[in-house]
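Asks: Now for the letters of each chain:
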Amino acid sequence: METQNFEKQLTEMEKPEIHNLKHEDILSGAIINAKDKSVVSWWWLCVPIFILLMLMMKSTFMPGTTLISNMHDLESKQKLISVAFFLVSPLILIIINVLTIRKIHFLSGSPKSLSFLEAVWFNILIIAVSAFILIIYSL
Amino acid sequence: MNFPWFKRIGIFFIPSTIAGWLILIAGLAFAVYSFIDIDSRSHSVSDTLMNFVFMCLIIGAVYSLIAFTTSRVKRK
Numbered sequence: 000m001e002t003q004n005f006e007k008q009l010t011e012m013e014k015p016e017i018h019n020l021k022h023e024d025i026l027s028g029a030i031i032n033a034k035d036k037s038v039v040s041w042w043w044l045c046v047p048i049f050i051l052l053m054l055m056m057k058s059t060f061m062p063g064t065t066l067i068s069n070m071h072d073l074e075s076k077q078k079l080i081s082v083a084f085f086l087v088s089p090l091i092l093i094i095i096n097v098l099t100i101r102k103i104h105f106l107s108g109s110p111k112s113l114s115f116l117e118a119v120w121f122n123i124l125i126i127a128v129s130a131f132i133l134i135i136y137s138l
Numbered sequence: 000m001n002f003p004w005f006k007r008i009g010i011f012f013i014p015s016t017i018a019g020w021l022i023l024i025a026g027l028a029f030a031v032y033s034f035i036d037i038d039s040r041s042h043s044v045s046d047t048l049m050n051f052v053f054m055c056l057i058i059g060a061v062y063s064l065i066a067f068t069t070s071r072v073k074r075k
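If you're matching them up, the sequences are chains A and B in order.
Each residue of the first sequence is one higher than the last, beginning at 0 in numbering that gives the first Met the number 0.
Each residue of the second sequence is one higher than the last, beginning at 0 in numbering that gives the first Met the number 0.
Do not rely on the hints blindly, as some may be mistaken.
Stated by the list, open to error - Facing chain B, from chain A, some residues (calculated, C-beta under 7 Å):
{"id": "1", "residue": "Val-39"}
{"id": "2", "residue": "Trp-43"}
{"id": "3", "residue": "Val-46"}
{"id": "4", "residue": "Leu-52"}
{"id": "5", "residue": "Phe-60"}
{"id": "6", "residue": "Glu-117"}
{"id": "7", "residue": "Trp-120"}
{"id": "8", "residue": "Phe-121"}
Said to hold, decoys possible - Between beta-carbon pairs, the in silico distance windows are:
{"id": "9", "chain 1": "A", "residue 1": "Leu-113", "chain 2": "B", "residue 2": "Ile-13", "range": "27 to 33 Å"}
{"id": "10", "chain 1": "B", "residue 1": "Ala-25", "chain 2": "A", "residue 2": "Glu-13", "range": "53 to 59 Å"}
{"id": "11", "chain 1": "B", "residue 1": "Ala-25", "chain 2": "A", "residue 2": "His-104", "range": "34 to 40 Å"}
{"id": "12", "chain 1": "B", "residue 1": "Tyr-32", "chain 2": "A", "residue 2": "Met-61", "range": "51 to 57 Å"}
{"id": "13", "chain 1": "B", "residue 1": "Tyr-32", "chain 2": "A", "residue 2": "Lys-76", "range": "24 to 30 Å"}
{"id": "14", "chain 1": "A", "residue 1": "Gly-28", "chain 2": "B", "residue 2": "Arg-40", "range": "43 to 49 Å"}
{"id": "15", "chain 1": "B", "residue 1": "Thr-47", "chain 2": "A", "residue 2": "Lys-102", "range": "40 to 46 Å"}
{"id": "16", "chain 1": "B", "residue 1": "Phe-29", "chain 2": "A", "residue 2": "Ser-109", "range": "43 to 49 Å"}
{"id": "17", "chain 1": "B", "residue 1": "Leu-27", "chain 2": "A", "residue 2": "Ser-137", "range": "33 to 39 Å"}
{"id": "18", "chain 1": "B", "residue 1": "Leu-21", "chain 2": "A", "residue 2": "His-104", "range": "37 to 43 Å"}
{"id": "19", "chain 1": "A", "residue 1": "Thr-64", "chain 2": "B", "residue 2": "Tyr-32", "range": "31 to 37 Å"}
{"id": "20", "chain 1": "A", "residue 1": "Lys-76", "chain 2": "B", "residue 2": "Ala-18", "range": "35 to 41 Å"}
{"id": "21", "chain 1": "A", "residue 1": "Leu-116", "chain 2": "B", "residue 2": "Ala-18", "range": "48 to 54 Å"}
Derived from the structure by calculation, the hints contain no laboratory data.
Even for Gly, the Cβ is constructed at its ideal location relative to N, Cα and C.
Work out the full structure, taking the sequences as your base and the hints as a guide.
Replies: Next up, the structure:
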């Protein structure tokens with residue numbers, strides 16, 4: 000009798016279900032954090048992009064000058080600004096965004112799908128623009 | 000202190016508390032002050048605008064950094 004009851008209890012017993020997965024929370028938090036970071040990175044990248052555009056305009060309207068020569072001119076006149084916005088800031092942004100992408104890649108189980116790229120495309124764009132600024136500065 | 004002070008909408012951080020609004024107002028006040036300062040020293044309209052846009056971008060970058068650091072919710 001007792002065994003039957005126990006069997007009945009076993010059949011009625013439900014599997015334990017966790018509706019809110021901790022890992023899911025961590026992943027969604029990491030994706031939101033990555034978006035916030037990419038927005039802050041974008042604001043910090045706007046400054047060197049603006050300077051680059053101004054230098055491009057200068058090289059267009061001033062005959063005999065190029066973007067690179069104007070960049071060297073800026074570097075000699077405004078050493079601190081050029082180092083801060085064309086070297087330190089892009090390097091920090093590249094490191095932060097690479098670490099963020101790595102974290103999301105790790106948390107989402109190393110996927111090789113388009114949905115992962117959709118989640119981090121803005122961070123990748125930030126890395127590409129930062130690298131471009133670094134290349135321009137190093138020329 | 001109650002966090003988050005800001006919520007992000009697109010590329011802008013919108014204040015959601017009084018502290019956030021105070022930071023935004025301080026940023027705007029500094030932008031107005033820098034415009035007056037730049038305008039008093041510049042030689043043309045384009046000179047004023049170029050320097051002012053540069054200053055606005057720096058203010059925006061610092062504001063977004065402050066907003067980001069004060070918008071993070073601590074995980075339990």
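Asks: Does each hint hold? Answer for all of them.
Replies: Tested hints:
1. Given the 7 Å rule on beta carbons, the hint for Val-39(A) holds: about 5 Å separates it from the nearest Cβ of chain B.
2. A distance limit of 7 Å between C-beta atoms decides the matter here; for Trp-43(A) the minimum to chain B is near 5 Å, and the interface restraint holds.
3. The closest approach between the C-beta of Val-46(A) and any C-beta of chain B is roughly 5 Å, which is under the 7 Å cut-off, so the hint is satisfied.
4. For Leu-52(A), the shortest C-beta to C-beta distance to chain B is roughly 10 Å, which exceeds 7 Å, and the interface hint is violated.
5. For Phe-60(A), the shortest C-beta to C-beta distance to chain B is roughly 11 Å, which exceeds 7 Å, and the interface hint is violated.
6. Hint status for Glu-117(A): violated, given a least beta-carbon distance of 17 Å to chain B, over 7 Å.
7. Because the closest C-beta pair between Trp-120(A) and chain B is about 15 Å apart, greater than 7 Å, the hint is violated.
8. A hinted interface residue such as Phe-121(A) counts as satisfied when its beta carbon comes closer than 7 Å to some beta carbon of chain B; here the least separation is about 10 Å, so the hint is violated.
9. A beta carbon spacing of about 31 Å between Leu-113(A) and Ile-13(B) agrees with the range 27 to 33 Å that was offered as a hint.
10. A beta carbon spacing of about 56 Å between Ala-25(B) and Glu-13(A) agrees with the range 53 to 59 Å that was offered as a hint.
11. At roughly 38 Å, the beta carbons of Ala-25(B) and His-104(A) sit within the given window of 34 to 40 Å.
12. Distance hint check for Tyr-32(B) and Met-61(A): the Cβ-Cβ separation is about 32 Å, which falls outside the suggested range of 51 to 57 Å.
13. A hinted range of 24 to 30 Å for the beta carbons of Tyr-32(B) and Lys-76(A) is consistent with their spacing of about 25 Å.
14. In this structure the supplied range 43 to 49 Å holds for Gly-28(A) paired with Arg-40(B), their Cβ-Cβ distance being about 46 Å.
15. Separation of Thr-47(B) from Lys-102(A) is about 43 Å and conforms to the stated range, judged on CB atoms against 40 to 46 Å.
16. Between Phe-29(B) and Ser-109(A) the CB atoms are about 45 Å apart, so this pair conforms to the stated range of 43 to 49 Å.
17. For the pair Leu-27(B) and Ser-137(A), the supplied restraint of 33 to 39 Å holds, since their beta-carbon distance comes to about 37 Å.
18. The supplied range of 37 to 43 Å is met by Leu-21(B) and His-104(A), whose beta-carbon atoms lie about 38 Å from each other.
19. Between Thr-64(A) and Tyr-32(B) the beta carbons are some 33 Å apart, a value that agrees with the proposed interval 31 to 37 Å.
20. Taken as a hint, the range 35 to 41 Å holds for the pair Lys-76(A) and Ala-18(B), whose Cβ atoms sit roughly 39 Å apart.
21. Between Leu-116(A) and Ala-18(B) the C-beta distance comes to about 37 Å, which lies outside the given range of 48 to 54 Å.
Of the hints listed earlier, those the structure fails to meet are numbers 4, 5, 6, 7, 8, 12 and 21, in rising order.
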